[in-house]
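Participant: Listed below, chain by chain, are the residues.
Number of protein chains: 2
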Amino acid sequence: MKIALAQLNYHIGNFEANTNKILSALDSARNAGADVVVFAELCIGGYPARDFLEFKEFIDLCEQSAQQIAAACTDIACIIGIPTPNKRKNKGGKDLHNSAYFIYDGKVQQIVNKALLPNYDVFDEYRYFEPETEFACVDYKGKRIALTICEDLWNTIENPLYVTRPMDVLIEQKPDVMINIAASPFAYNHDEERIAILGDNAKRYGLPLLYVNQVGAQTEIIFDGGSLVFDKNGSLVDEMPYFEEAITYYTLNDDATVTPQQPATVMDERQSDIEQIHQGLLLGIRDYFYKSGFKQAILGLSGGIDSAVVCALAAEALGAENVMAVLLPSKYSTGHSIQDAEDLVKNLGCKSELVEIKSITDAFETALHPQFEGLPFNIAEENLQARSRAVVLMAMCNKFGYILLNTSNKSESAVGYGTLYGDMCGGISVLGDVYKTQVYQLANYINRNTEIIPQNSIVKPPSAELRPDQKDSDSLPEYDMLDTILMQYVENRLSSGEIIALGYDEAVVRRVIKLVNTAEHKRYQTPPILRVSPKAFGMGRRMPIVGKYLS
Amino acid sequence: MKIALAQLNYHIGNFEANTNKILSALDSARNAGADVVVFAELCIGGYPARDFLEFKEFIDLCEQSAQQIAAACTDIACIIGIPTPNKRKNKGGKDLHNSAYFIYDGKVQQIVNKALLPNYDVFDEYRYFEPETEFACVDYKGKRIALTICEDLWNTIENPLYVTRPMDVLIEQKPDVMINIAASPFAYNHDEERIAILGDNAKRYGLPLLYVNQVGAQTEIIFDGGSLVFDKNGSLVDEMPYFEEAITYYTLNDDATVTPQQPATVMDERQSDIEQIHQGLLLGIRDYFYKSGFKQAILGLSGGIDSAVVCALAAEALGAENVMAVLLPSKYSTGHSIQDAEDLVKNLGCKSELVEIKSITDAFETALHPQFEGLPFNIAEENLQARSRAVVLMAMCNKFGYILLNTSNKSESAVGYGTLYGDMCGGISVLGDVYKTQVYQLANYINRNTEIIPQNSIVKPPSAELRPDQKDSDSLPEYDMLDTILMQYVENRLSSGEIIALGYDEAVVRRVIKLVNTAEHKRYQTPPILRVSPKAFGMGRRMPIVGKYLS
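As given, the protein sequences belong to chains A and B, one line each in that order. UniProt numbering puts the first residue of the first sequence at 1, with every later residue one more than the last. UniProt numbering puts the first residue of the second sequence at 1, with every later residue one more than the last.
Extracted from the complex, chain A is given alone in its bound form:
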């Protein structure tokens, strides 16, 4: 049996585009002589469709797309992911199942429902779906297929469950092969995890495994593709490309081996975290604009490293001609900052404008003079600058149809080192899941062949330049230390006591954690953040605002 794996980039709610993409992949696979084409989890409708799933119309449109696809499957089979009504709903439970259709002879022959529903981090599947408790293999062309959906195969041998694992039932039916369709989001460590866990399961059940992931970004969540094929010993046979669409073909032989029809690719060495983050962010930017129907980005360019990296990424993702960099110096901006920003613009060839904000902040200070008279310069005046810049950038968005890119990094976002409605504005946050120390690595990676980001932006001490001679290190610990403490608190969820026990200075740890906690109200109102780590701010980390925080 010849199996095609279709790793495609879907668009939530765009039934026409998704269906056409699937139909076109079916055509290619038919021409290549495939018996069955495997698409990803919830490819009809897109993932995560979130509360769209609560609209009956959305579910009806999914079914219509599926019928359109079925009509095209007269001489080929396919597996598609789709939300379907829970037929036992009259006895309570959730309205839907997260399902796979096995389609051939022009109609849906079998429906498989997901049993293990992720409901952690960015996942909310129990919000919509009822878990399945009964399982059956799919028979097709003399082969018996154990078909499961994503999380159904996402656990290690060492982690037994007290709910039933679908494969533990299906294996009794003596299948020949496992197929798993997934929507498994990118994080810089996720590719290795996938290979380990899925390989483990192939070996555990002694069956070859074909695994198809989505690719493409849906707002903050980036799917990296990297679909996988394992033999029955758990060895990786083929690894599909990362961060791009692809269709590949395999022959399932009678001896339960799997032969790729194209030269197999198994990476000798994993890509570094930074290479992966770089590719993920490019895809995230590109899809955010493309799927929103926008082309042109704008950002404020300070001469510092964060906005420089965002500008370089945007130019690579969207084309330099679609990026407008605005220099917005204030009286506290240093001359070299402007020069560094101008150098970057020249290196990239993007558009740029310079708008002085002094007359604007002066106007605010004059208007507020009756209220502020006699009071010392403080954060109010600092923030006036950041907010004046945001208003200028947003005015340009409104006038010319740009989307503003947010340039805050994860370290700043964590400790609230940013101005709400100022530099925290934007349609999408590019670096909000990238710690400052990683931003440096990213800058050096961007410069790997030639200097794009001016060396001076990389080596100078970071500064918000909102008061004379300001440096980030006036208010924050050095980023090396800050980022390791943040990693322990945010990613590993250790308490201050546990972090201090690892050898960090008590006063620093308590201060950092307090800063993180008191910034919750700011992070609540920031743009969606392209997720590249296993724990990003946003929908994957949900904290109360008025809580009294531990520190």
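Be a bit skeptical, because a hint or two may be false.
Each pair may be met inside one copy or between any two copies, as identical chains are not told apart.
In silico PhoX-like links for lysine-lysine, alpha-carbon gap of 25 Å or less [unchecked claim]:
hint: 1; residue 1: K91; residue 2: K203
hint: 2; residue 1: K232; residue 2: K87
hint: 3; residue 1: K522; residue 2: K535
hint: 4; residue 1: K107; residue 2: K331
These aren't lab readings, by the way, just hints derived from the structure by calculation.
Please arrange chain B on chain A, whose structure you already have, making use of the hints.
Facilitator: Here is chain B on its own, set in the frame of chain A:
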């Protein structure tokens, strides 16, 4: 047996305050001769503690509080709600249970875990908790108590489930009484629903029912109290106060009747939606400030009805002396708007300032002249005004320690009729779950005894005053029609086709729904919204941003 119901206002993560409040209620109940005091669901730690629950330290602190409470229960029993470790975790599943401790003789005697976990709208309980599947009654002083937690008793007889209902098991053990501890949030229709569903269950199982809810707001979620006591026929015996703390006492007699120890209160007539919304918003504002450690609110006062209502609510919730109203006229503000705003300030006795924004918007337009030259006035210039106001208000927050109140209503928020980083700013949104037509009702309710909100603010046609002679009705359908369409789409989740079939104009319906959908990116960045309806924007309605929306 004498049972005390303690309906208290907890603060998420504030272990000291919550524990002291519980200890003090235990003292009162002991003095009143109670045998057992019933506190609400997850009273230790607060609800919803959200991802705090993923920190081991948080769970440890909950247990420490429980032990402190247990030590005080030598001569009295109590029931408290607490997150506890899932002991079967070595076989997979979630880390925690949502539990109740039954405490007496100075220690935890029995642990009851919640079985039915809400995971819809604002609820995320499957994110943290493993559902319980085994159930046992609690025996105490010769009575057998069927103790359950909130959702465990939240279904009607007409709605059978295919998971096990805890009471269906517990009833076999022949209990004498049901006790249910809850954290059931306010919505203007929820009190009636609670009485109906819980009364149904008392009758179904033929047992008296004592039900204790939380009271108080946690950021956007308001708990309204209104704890309930039913007899075994399902008749309401007593209804505790709404929107305030209280402790009440009941004798459980041997004939399974329940006698209140204070004059029983059962409302003859339900409060109107608007009365309830009014009380809910006052509590929401008060607790947001109190639990954040702030006292003083600021808002922009336009002379229109929305900011007038917010100002009046804030003055009632926080004291007029703690409310700063800022008049921020532009060249498009009409003279009567300023007069209406000044009249309101006088009526309320709150503080006020006037800051002209013309010089500020002029400065922006001058600075942007090279970019904007020759282009017509459009939304860019309109938004400059709204954003200049926000920057002034935020500068005053930063200088004086105010929290900015957002004044957008639900109709505006729904259709995106507001300026991101302009009038959509604020620490908390007061009216974001109140449709414009309800804002009028609220204004009239606030004026029920005396004119507080100037009649002119109520009767004049609504306008954003961002260009000459602008009226909301230039861009939007009349609010009566808009709000009914929005209600069908947002609350009832009907499709455009279904709404048109109800008799609404097709073009209007499609336009409104399109506006709602294309405003998702704006709503993503708005402040938390005090939730008063069954479907509020925010954590209870989760939509994708880059999705292609139905319309």
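Participant: Hint by hint, say whether it matches the structure.
Facilitator: Verification of the hints:
no.	hint	in the structure
1	K91 / K203	between (38 Å within a copy, 21 Å between copies)
2	K232 / K87	neither (35 Å within a copy, 35 Å between copies)
3	K522 / K535	both (18 Å within a copy, 24 Å between copies)
4	K107 / K331	neither (69 Å within a copy, 65 Å between copies)
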